[in-house]
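Engineer: One letter stands for each residue in the lines below.
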Amino acid sequence: MSLPKLRQYHAAVWDEPIVMEMGRAGRRGMVFPTSDAEVSAADGTLDTVIPASARRQHPPKLPELSEFEVQRHYLHLAQETLGMMGISLFGTCTMKYNPRVSELVAARPWLAELHPNQSEETLQGVLEIVHGMNQILCELSGMAQFVFQPGGGADAAYTHACITRAYHEHRGELAQRNEIITTIQAHPCNAATAAAAGFNVVTLPLEEAGYPSVAALEAALSDRTAALMVNNPDDMGIYNPNIKRWVELVHQAGGLAFYDHANFNGVMSRLRARELGFDACMFMLHKTFGAPKGGGGPAVGAYGCSEDLVAFLPRPLVRQVGGRYTIEHEAPLSVGRVREFWGNIPQVVKAYAWTRAMGSDGLRQAADISVLANNYMERRLLAIPGVSKSFPELSSPRLEMTRYSLAKVAEDTGVTVLDIQNRMVDFGVDAFWLSHEPWIVPEPFTPEAGELWSKEDIDYWIDVLATVIDEAYNDPDTVRSAPHCQAIHKVDGAGADDPQRWATTWRAYQYKHSIQVTS
Amino acid sequence: MRSSPSHGKQPTSSPRTYFELMVKAGAARPRLGIIVNPLAGIGGPAALKGSDGAATVAEARARGARPEAPLRAERTLQALAARVGPAELLAAPGAMGADLARRVGFSVKATSRSAPSETSALDTRVAATAMRDADVGLLLFAGGDGTARDIHDAIGDQLPLLGIPAGVKMHSGVFAHSPEAAARAAEAALRNGPSLPLRGADIADVDEQAARDGRVASILYGSVRVPDLPRLVLPTKAGSPAQPGAELQALCREIADTLEPSCLYLFGPGSTTAMVLAALGARGTLLGVDAVLDGQVVGKDLTESQTLALLDTHLDSRLVVGLVGGQGMLFGRGNRQLTAAVLSRVGADRITVLSAADKLLALTPPTLWVDTGDPVLDKHLSGYIRVRVGPRQQIIMTVSS
Amino acid sequence: MANSAPALREELCAAVGVSDPEELFAQIPLDHRAARPVVLPPALASEVELSRHLRDTLGRNVDCEAVLSFLGGGCWQHHVPAVCDELATRTEFLTPVWGTPASDHGRNQAWFEFSSQLGELLDLDFVGLPVYSWGCAAGHAVRMAARITGRDQILISEFMDHERLAVMRTYCEPPGMRGHIELRSVPTNPATGTIAVDELAAALSDRTAAVYLETPSGLGVIEPDPGQIARLAHSHGAELIAGVDPTSLGLLAPPGQYGADIAVGPTQPLGVHMNCGGGVGGFIASRDEERYARAYPTLQVSLCPTSKQGEHGFALTLFQQSSYGSRELGNDWTGNSVYLWAVVNAAYMALLGPAGFAELGELILARSRYAATRLAEVPGVSVRWPWFFKEFVLDFNETGRTVAEINVALRERGIFGGGDLSLSHPQLGQAALYCVTEVHTQHDIDRLVTALTEVLA
Ligand SMILES: Cc1ncc(COP(=O)(O)O)c(C=O)c1O
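Residue numbers (my numbering), protein chains in the order written: chain A, 1 to 519; chain B, 1001 to 1401; chain C, 2001 to 2457.
If you're looking for bench data, these hints aren't it; they were derived computationally from the structure.
Just so we're clear, the structure is a prediction, and the values are computed from it rather than from any experiment.
A hint or two may mislead.
Said to hold, decoys possible - Anything over 12 Å on all C-beta distances counts as not near chain A; from chain C, calculated: (1) Pro2386; (2) Thr2399; (3) Leu2456.
Said to hold, decoys possible - 16 Å max Cα-Cα, derived EDC-like pairs, lysine to aspartate or glutamate: (4) Lys1109(B) x Asp1133(B); (5) Lys512(A) x Glu2290(C); (6) Lys5(A) x Asp498(A); (7) Lys512(A) x Asp498(A); (8) Lys512(A) x Glu2289(C); (9) Lys1109(B) x Glu1088(B); (10) Lys389(A) x Glu218(A); (11) Lys455(A) x Glu378(A); (12) Lys2308(C) x Asp492(A); (13) Lys408(A) x Asp470(A); (14) Lys1109(B) x Asp1099(B); (15) Lys5(A) x Asp470(A); (16) Lys455(A) x Glu2289(C); (17) Lys5(A) x Glu456(A); (18) Lys1109(B) x Asp1135(B); (19) Lys455(A) x Glu2311(C); (20) Lys244(A) x Glu218(A); (21) Lys389(A) x Glu378(A); (22) Lys2308(C) x Asp498(A); (23) Lys1379(B) x Asp1358(B); (24) Lys244(A) x Asp2031(C).
Built from N, CA and C at the ideal position, the CB exists for glycine as well.
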């Protein structure tokens, strides 16, 4: 196989000290006005207004730096972060361009300096946008109302678990309905939030068709069933064609059906959760809807539900009354709050902007392109020796992503999928998604092209993978010891779970590793 | 069904760590030992169903087979050397490890000086005993189920064990999934020393009877401890769980705490049910069926007729079983004492199945098998069952005959 | 969309072997397809139109820089250093998700510096990556305490911030569920608003998993001797969870100093705009002991070596106990959180340093006390409790007016009055929570006093 020429990439290496090691005593980055004479004289000395037992005894050992040093230090750290500067096909996260215009608009005081408890008439602009986004999501899902309070997809799953509690409590069945059903391919947050909300978790494994059978679901359903929580398509790109039947069965058993729509990108505008029968669904504004990911939030898990469940939604909700927007702060059956205030509103504004820019046709095109790009990738990836696909016998095209396996490469060469990932970053290609726990497919990887990445980017990504797999066979040590062109070398995490060695703070590191401070 | 290495994860009743061993040993000791069964795996390519016994080996050689195990052990040692450099190693003599380890660059102490030219199961046992006496922190071996059994026969569960997959049959839960994965585990053993987390795993081997009937199934021989190192996940290295198998332990404790009064509980073989008994303050029979009534053990290592006799006098009964071996066998292997007669008397709806979650999830397809010898009962037991994997967690599995 | 160029799209279709992408959706049964097409408002495809639309709409807001605001209560107007704003919009930090330990190195280091500096402020050694909010942090912390102690009751003050308490309640499972945790409120001293220690001692029992003590509290009150409460809790085998505002920690005792076991609090004051409530975040910290570390639901980064001698890298620690690692068998759950703010928070703490935090604390204290003293001079208005930081309760009961009316009148004068407590804390009657920070000048405060005097005249 002749391999294409790849970029000569090297990450910035700043060998940047930990901020705790930097600076000099007495140096200042930020000063505050000394309080005006009258202010200080208001009522006596510190000692009379704060009891001594409530006062700090030793100043915190924070670094002492100039403003420029702080700025430069964190810009160095920015440069030592690859992210979207390279190519990131991180599956399940739907990497998107986050338009700068939204950043500029959202950074202005008219949004940044709003307090959520201002009176409604001072918030009409932002309320209009929140309400507008609500309507857009209702149109896309068929649901009756969305709430933006959940701080991420997992928090929206938690919201569903809370609403499930409130719903069955209201019907007097909570004591009996204590089971939430999910599948092993559902995102871990579904099972985890169900358990955290107090439910027992019943998990359905996959069967030959790539999803659990209707019969398995039937075996799980009973008068103890409180809810079903699933995503579809799953992150192997497999769509469960019985999902409508599933929802019917769950309803017959008296449970609620929740659709984790994190993988919405491939089915945008092709189906509606409510039309499939679901009682509630969740959209990730930080994935599908173009709001930035922030390297892990602030995020929004927009949670929507049918008319029947609106009473239970967390508050506040934004309502339109005549030409005005109002805030409904409380409701008798509401679950209360899953997080303070009404959500990561700047992300809602950015998602609104993205969706308005796309329009109905744009969304459909984006879904088409993301599925097309994924299938294009699949053709090329499966041509690389050593790459295989999950459930290879299923011939239908996958939706917006496909799960692959490098088991053969690992078996032949001992080079693991993690080694390969560590080597790919040497070419400016950031990590791929492997798989949720548990790994059903050995040595898994799950790239997602979405509608963002150009064919050139996708081809380059595949070329890098092919090159690294070729290296695994011919020069495995180079792959195993990778990375070689990165900000740092291969991290040895062997001590990260050892209480004697882990260190989540500099002070813990110092006493565990007895390193002298230089300051 | 495919015979594949089992990665079944199963905590021991009392999670022991190196720390206890250190206290026992009281002195510095080599952290790693290695035994290579140079003949392991030789039968595989030759389409023989194993490599145990001199006759099989001769036959394999006659068919032109080359030993696989040394190559695989070398891969592990190479990978280990790349990770940790020239560490100290206790090795079985000659072709059983020492030669290889020296060639790769380890500083090697051999368990004995003389190396047999033609090795046998006895040599494995002798080397294992020497490893036990030296109290190594982890005993690596290259082989298959036969080798694992030989080691287990010699030293029981006295040393943490890890298999470099090199056999024809690997039903036991002690094998790393690749030679390199074994190196990673060995590295963790070297680095973590006393704090290397351990968990229980089964020693199993093929059921010859079933094999002659053309089926693949395994028999449970015992239980040992292996490093508990979950796979590397996400962008960085994940470590060991807070408490290995904590959920399963909590479940076993809960079952022990909530036994119904005047109900006769039968506990099937295996280390999972042994945890329930341990929570009751009793010591279970690892390979046998035990009975408990109102918190008291009323029968140990019961035969079918003893069980039936107990069931005669106790109409209210329940059966609690774990899954033995790596094949997802629910009834018919490893627990043949639980005959069709016993199961019918207890009743299908009074059976509780316990398992560690990942042991179930390693089964593809997600099916448990029953082979009670009574086709009508087998059919009755078939369908879907809930397997309890934690106090608040269940997994739905298919049951098939 | 780079691949929407018609010729390229054709090329991709050809490579895949379809004439239309529609064929690739064969997995979705026809009766699952949308019953009617999606109709959204007309697209604003150009940046010109979009930006105009957003500006026109958001321009209708009245923000806290345009007027004078005294709103607080879980979201506070602080000065945001310009460097923090720059970092919050740096594409490298703003747009990615996960990479490898090497390609994410810079961000991981910033996260570690978040935890390290917060650890110094709190005087604690183990700090997780942030969670969604203070209320969520407190909710996780009480669950941690319940897991650690095997007990099911938490003692809290009768005066909690209403939003935060509502969040904590959803984390505690309703009564009757297996994991229900009871939040039992303890009376306060009427004169000070601080926890009534005798009542606390009486309430502590072998059911108590933890005392959750906020200082300053949701109503701004400083506890005079948190150490005494820690000792009391410990003497009953309970944990002390401290809730603290990091802007107070240059001045007030850090949780580690008085023996708190777990500390939680907000991250928004550390360089993040209010963002209409979308700036909130929460932290969880504790002593570095396995007892606590193994109960965390969060992810956290640990300093680790690399294959190069002397080089630092970072790896996730205790990943396996998170929901990513162990699904429902993990501790609570985790997911996307507010990690971008952690980078901003790190820069904020580095900018301030020890002297900056001392100055900030003193300034906020001085100005909030000045405001309280002046406002108490307004006829009919009194300050409820004597020890406070940043926020204080103004009692309007004597004025015969409702807070709602007063706030309307203040708004007409370009002032957002303090948060109305009359609904959330009816025991206080007509009372409001006023927040004064370093952004409020003496002139601002005097303006408020004048306006309020007018309104109440
Ligand atoms: C299918 C699915 N559901 C839920 C989540 C959780 O979302 P978040 O990380 O925003 O909490 C994810 C994120 O990866 C996901 O892929």
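Engineer: Does Asp470(A) sit within 16 Å of Lys5(A), going by the straight-line distance between their CA atoms?
Structural biologist: Between Lys5(A) and Asp470(A) the Cα gap is close to 13 Å, so the pair holds against 16 Å.
Engineer: Verify the proposed pairing of Lys455(A) with Glu2311(C), using a straight-line Cα cut of 16 Å.
Structural biologist: violated (37 Å)
Engineer: Between Lys455(A) and Glu2289(C), does the CA-CA distance stay at or below 16 Å?
Structural biologist: violated (50 Å)
Engineer: Going straight from one Cα to the other, do Lys1109(B) and Asp1099(B) come out at no more than 16 Å?
Structural biologist: The given pair, whose Cα atoms are some 10 Å apart, holds under the 16 Å limit.
Engineer: Lys1109(B) and Glu1088(B) were given as a pair; does the straight-line alpha-carbon distance stay at or below 16 Å?
Structural biologist: Holds, because 8 Å separates the two Cα atoms, which is no more than 16 Å.
Engineer: Does the structure keep Lys408(A) and Asp470(A) at a Cα separation of 16 Å or less?
Structural biologist: Satisfied, since the Cα-Cα distance of roughly 13 Å is no more than 16 Å.
Engineer: Is the straight-line distance between the alpha-carbon of Lys389(A) and that of Glu378(A) 16 Å or less?
Structural biologist: holds (9 Å)
Engineer: According to the definition I'm using, a residue is off the interface if its beta carbon is farther than 12 Å from all beta carbons of the partner; does Leu2456(C) meet that for chain A?
Structural biologist: holds (19 Å)
Engineer: Quickly compare the C-alpha distance for Lys2308(C) and Asp492(A) to 16 Å and report which way the hint goes.
Structural biologist: Answer holds: Lys2308(C) to Asp492(A) is near 10 Å, not above 16 Å.
Engineer: Mind checking the alpha carbons of Lys1109(B) and Asp1133(B) for me, to see if they're no more than 16 Å apart?
Structural biologist: Holds, at about 14 Å.
Engineer: For Lys512(A) and Asp498(A), compute the direct alpha-carbon distance and say whether it is at most 16 Å.
Structural biologist: Distance of about 11 Å is within 16 Å: holds.
Engineer: Taken at face value, is the distance from the CA of Glu2289(C) to the CA of Lys512(A) at most 16 Å?
Structural biologist: holds (12 Å)
Going down the numbered hints, you'll see the structure goes against 1, 6, 10, 16, 19, 22 and 23, while the others check out.
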